[in-house]
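Protein chains: 2
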Amino acid sequence: MKSAIFSVGTEILFGQITNTNTVYLSQKLNQMGIDVLYHETVGDNPGRVKKVLARLLMEVDLVITTGGLGPTQDDLTKEMAAEVMGAELKIDEKSLKKIQSYFAKTGRVMTDNNIKQANLPTEKDGFILPNDAGTAPGCVFVKDGKIVVCLPGPPREMTKMFEDSVVPYLHTLTNEVIYSDMVRVFGPGESQLETMLEGLITGQTDPTLATYAKEGECSVRITSKRGTMEEAKAAVEEMAEKVTAILGDTIFSYHDEDLKDVVAKKLIDRGITISCAESCTGGLFAGTLIGVEGISAVFERGLVTYSNRAKVEELGVKEETLERFGAVSEETAREMTAGLKKKTGSRVCISVTGIAGPDGGTPEKPVGLVYICVDFDGKTECREIRVRPVSRNWIRNYTMLMMMDMVRRAIG
Amino acid sequence: MKSAIFSVGTEILFGQITNTNTVYLSQKLNQMGIDVLYHETVGDNPGRVKKVLARLLMEVDLVITTGGLGPTQDDLTKEMAAEVMGAELKIDEKSLKKIQSYFAKTGRVMTDNNIKQANLPTEKDGFILPNDAGTAPGCVFVKDGKIVVCLPGPPREMTKMFEDSVVPYLHTLTNEVIYSDMVRVFGPGESQLETMLEGLITGQTDPTLATYAKEGECSVRITSKRGTMEEAKAAVEEMAEKVTAILGDTIFSYHDEDLKDVVAKKLIDRGITISCAESCTGGLFAGTLIGVEGISAVFERGLVTYSNRAKVEELGVKEETLERFGAVSEETAREMTAGLKKKTGSRVCISVTGIAGPDGGTPEKPVGLVYICVDFDGKTECREIRVRPVSRNWIRNYTMLMMMDMVRRAIG
Numbered sequence: 001m002k003s004a005i006f007s008v009g010t011e012i013l014f015g016q017i018t019n020t021n022t023v024y025l026s027q028k029l030n031q032m033g034i035d036v037l038y039h040e041t042v043g044d045n046p047g048r049v050k051k052v053l054a055r056l057l058m059e060v061d062l063v064i065t066t067g068g069l070g071p072t073q074d075d076l077t078k079e080m081a082a083e084v085m086g087a088e089l090k091i092d093e094k095s096l097k098k099i100q101s102y103f104a105k106t107g108r109v110m111t112d113n114n115i116k117q118a119n120l121p122t123e124k125d126g127f128i129l130p131n132d133a134g135t136a137p138g139c140v141f142v143k144d145g146k147i148v149v150c151l152p153g154p155p156r157e158m159t160k161m162f163e164d165s166v167v168p169y170l171h172t173l174t175n176e177v178i179y180s181d182m183v184r185v186f187g188p189g190e191s192q193l194e195t196m197l198e199g200l201i202t203g204q205t206d207p208t209l210a211t212y213a214k215e216g217e218c219s220v221r222i223t224s225k226r227g228t229m230e231e232a233k234a235a236v237e238e239m240a241e242k243v244t245a246i247l248g249d250t251i252f253s254y255h256d257e258d259l260k261d262v263v264a265k266k267l268i269d270r271g272i273t274i275s276c277a278e279s280c281t282g283g284l285f286a287g288t289l290i291g292v293e294g295i296s297a298v299f300e301r302g303l304v305t306y307s308n309r310a311k312v313e314e315l316g317v318k319e320e321t322l323e324r325f326g327a328v329s330e331e332t333a334r335e336m337t338a339g340l341k342k343k344t345g346s347r348v349c350i351s352v353t354g355i356a357g358p359d360g361g362t363p364e365k366p367v368g369l370v371y372i373c374v375d376f377d378g379k380t381e382c383r384e385i386r387v388r389p390v391s392r393n394w395i396r397n398y399t400m401l402m403m404m405d406m407v408r409r410a411i412g
Numbered sequence: 413m414k415s416a417i418f419s420v421g422t423e424i425l426f427g428q429i430t431n432t433n434t435v436y437l438s439q440k441l442n443q444m445g446i447d448v449l450y451h452e453t454v455g456d457n458p459g460r461v462k463k464v465l466a467r468l469l470m471e472v473d474l475v476i477t478t479g480g481l482g483p484t485q486d487d488l489t490k491e492m493a494a495e496v497m498g499a500e501l502k503i504d505e506k507s508l509k510k511i512q513s514y515f516a517k518t519g520r521v522m523t524d525n526n527i528k529q530a531n532l533p534t535e536k537d538g539f540i541l542p543n544d545a546g547t548a549p550g551c552v553f554v555k556d557g558k559i560v561v562c563l564p565g566p567p568r569e570m571t572k573m574f575e576d577s578v579v580p581y582l583h584t585l586t587n588e589v590i591y592s593d594m595v596r597v598f599g600p601g602e603s604q605l606e607t608m609l610e611g612l613i614t615g616q617t618d619p620t621l622a623t624y625a626k627e628g629e630c631s632v633r634i635t636s637k638r639g640t641m642e643e644a645k646a647a648v649e650e651m652a653e654k655v656t657a658i659l660g661d662t663i664f665s666y667h668d669e670d671l672k673d674v675v676a677k678k679l680i681d682r683g684i685t686i687s688c689a690e691s692c693t694g695g696l697f698a699g700t701l702i703g704v705e706g707i708s709a710v711f712e713r714g715l716v717t718y719s720n721r722a723k724v725e726e727l728g729v730k731e732e733t734l735e736r737f738g739a740v741s742e743e744t745a746r747e748m749t750a751g752l753k754k755k756t757g758s759r760v761c762i763s764v765t766g767i768a769g770p771d772g773g774t775p776e777k778p779v780g781l782v783y784i785c786v787d788f789d790g791k792t793e794c795r796e797i798r799v800r801p802v803s804r805n806w807i808r809n810y811t812m813l814m815m816m817d818m819v820r821r822a823i824g
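Residue numbers (this note's numbering), protein chains in the order written: chain A, 1 to 412; chain B, 413 to 824.
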């Protein structure tokens, strides 16, 4: 099956936003064994949307559009798709009610231009894709073996709609079964990972391995395309064992879970309470962990002790320790964790102090120098890390990930 | 002048890399007053490269290609461009010597296929773009008022070549200048914003207005294309005044700054100390603010008082208040702020308590109910907000933005 991804939005042509939708959809479609032949982007220009769509449909079986489903005058992707596919759009009462209740629920005023979002294809021309993350429904047009899938532009809405409604639909169209798993790793960088896995990657046919790099962490996707799901799954699992033999416990997930989710799940499932004291990450660790549903059962307290005064008052760090070793030192980190333990009694207490930059670095204590100290049921481990000083936020993010990983290893 | 950006590379269609080249080139071309009508991407497929290039040249004056200039057999962008432009390629001795010395310098072996990189257009068909960051030279084909610029794929090589050689060349061709500013707004949603600005948007010629929506906030881009930068700038500023007359103080930036940066700048410039106590946002406010450079001068302390016990112990919230009104109540928020003020003495003290969900909601206190209480030099303001219950993280993010906006308004 041949496909094209068609993005609509003047802001993309202005270079105001990076087209991450296309990256996401390309990965998903390829994993499903659907070839992606073209990426195209045009602005909110009805004529060009229509022309490009018509041309793409002469070359591919499936076109997935993103953007241009909003309520504003220049949101016309759906309308142009209907024209090209010779389909008609009608107000869908169910969708309209959903939009209305959405506005009612949130006490916002629904303006007339929102009604146009409920203008959708009927059964004879396609079907509707409900939007559970926003107001604009998506839709699918089907005609003479050609398919146009219209998705909203906001990534959060687009990805949810694609996962929930489009993937199941596309699976009914392809008779090859693809099974794919994402092994998530914290520790080695991408090139290091590739070198480690070289023996498995070179000459790979099925399953295939592909490495991906994200800020501070890496992933290995294992994909198998077989006749049945059982075969594909078995092939992927067999390869996963080979990968594990090489990467060991740097692997924190075999199913594309985020590190924060893996750590939160362990804490919640085992009812292990946690508190944290953050300096350079400044709440990023707490904020990330608390992003996980159900964490309230175990997350006791977070302290952003950014100033020295706060470290002393909140955690009982000794003035002399700060004077003698400095705020960024293992001694200070130790006292922060000890103080936090004393104050909260949480089973896991973790603290961090470091230099996020861009200023504040010295030859002895450069930007990126970080001390993390974690205590689990009285067993304390402290680490000095020299984070690559890419940028303030890169350092903070990497430090947060390192804290998560230390908690993961501490509780086992 | 109309242009298109044409990326060549199978890895892009696989979603293995994010196409940042296109974002960069889009920004640069727009700034130079060159309209970008299309972004296109195909794989390393000679037929498609040739076909797409020929088609684009029927619609635009300038096509900038990236990728496919390497030494391997499937690097054929330059060759296809030559065919489409009816140009011939010849080995350029100067470029060949440069490539040879590059390999000599880096102690790498030069294989024969690297010679193909020196196969370039002659004066009669265009000119060569030297590559000072890699081996593959770029080139420009010019014919009958149509221009094809071939750049390498690696961003570091591409951007350097574009800056050094392409920008000066393009400046000799355009005599229009674009100035554009992004007005950032917190409060009204996108459709509401469009309705408010309808009078200015409809029948817009120059300057043009376009509205954009980002999670929880909105923007209005004002763009003017004139003969000189002065004229364009003046036209944008004049329109900005009209927009201000309608949107008033919901505007927090005229130059595309983030809310967190605007707030942090005010605090830092005026030396106003700040502390926060967070429940449902769980450190997101502190973490976001501390992401801004230089904030350490004014950020005193952050408390993630997630549990009731933490609210009592850290902030002196009364047990009876929690029992009588609940943790999610204005009374609790007030006592959190009061306790924080007492503890830290920071000039700005802000606290938040709410239900981020997905669980924990009741008919009286639904998911998304949030109380924020900010105190600036003793003047306290509390607000009850019912955040759209899109998702746990949407609620937390919107609440964080609302906190930023309340600080912005409090300190004036």
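Calculated directly from the structure, the hints in this document are not laboratory data. Incorrect hints may have been included.
As the list claims (entries may be wrong) - Using 20 Å as the maximum straight-line C-alpha spacing, the simulated SDA-like pairs for lysine to any residue come out as follows:
#1 A:K28 with B:T430
#2 B:K528 with B:T484
#3 B:K754 with A:A133
#4 A:K214 with B:A750
#5 A:K225 with B:Q428
#6 A:K98 with A:D61
#7 B:K626 with A:A133
#8 A:K242 with A:M182
#9 B:K626 with B:V589
#10 B:K414 with B:V589
So, going through the hints one by one against the coordinates:
1. For the hint pairing A:K28 with B:T430, the CA-to-CA distance comes to about 14 Å; that is within 20 Å, so the pair holds.
2. For the suggested pair B:K528 and B:T484, the alpha carbons sit about 9 Å apart, so the restraint of at most 20 Å is met.
3. Restraint check: the Cα-Cα separation between B:K754 and A:A133 comes to about 41 Å, which exceeds 20 Å; the hinted pair is violated.
4. At roughly 42 Å between alpha-carbon atoms, A:K214 and B:A750 are farther apart than 20 Å, so this suggested pair is violated.
5. For the hint pairing A:K225 with B:Q428, the CA-to-CA distance comes to about 19 Å; that is within 20 Å, so the pair holds.
6. Under the criterion of a C-alpha separation no larger than 20 Å, the hint pairing A:K98 with A:D61 is inconsistent with the structure, at around 31 Å.
7. A threshold of 20 Å between alpha carbons decides the hint, and for B:K626 with A:A133 the separation of about 14 Å falls inside it, so the pair holds.
8. At roughly 14 Å between alpha-carbon atoms, A:K242 and A:M182 fall within 20 Å of each other, so this suggested pair holds.
9. For the hint pairing B:K626 with B:V589, the CA-to-CA distance comes to about 28 Å; that exceeds 20 Å, so the pair is violated.
10. For the suggested pair B:K414 and B:V589, the alpha carbons sit about 14 Å apart, so the restraint of at most 20 Å is met.
Checked against the numbered hints above, the structure breaks hints 3, 4, 6 and 9 and satisfies the rest.
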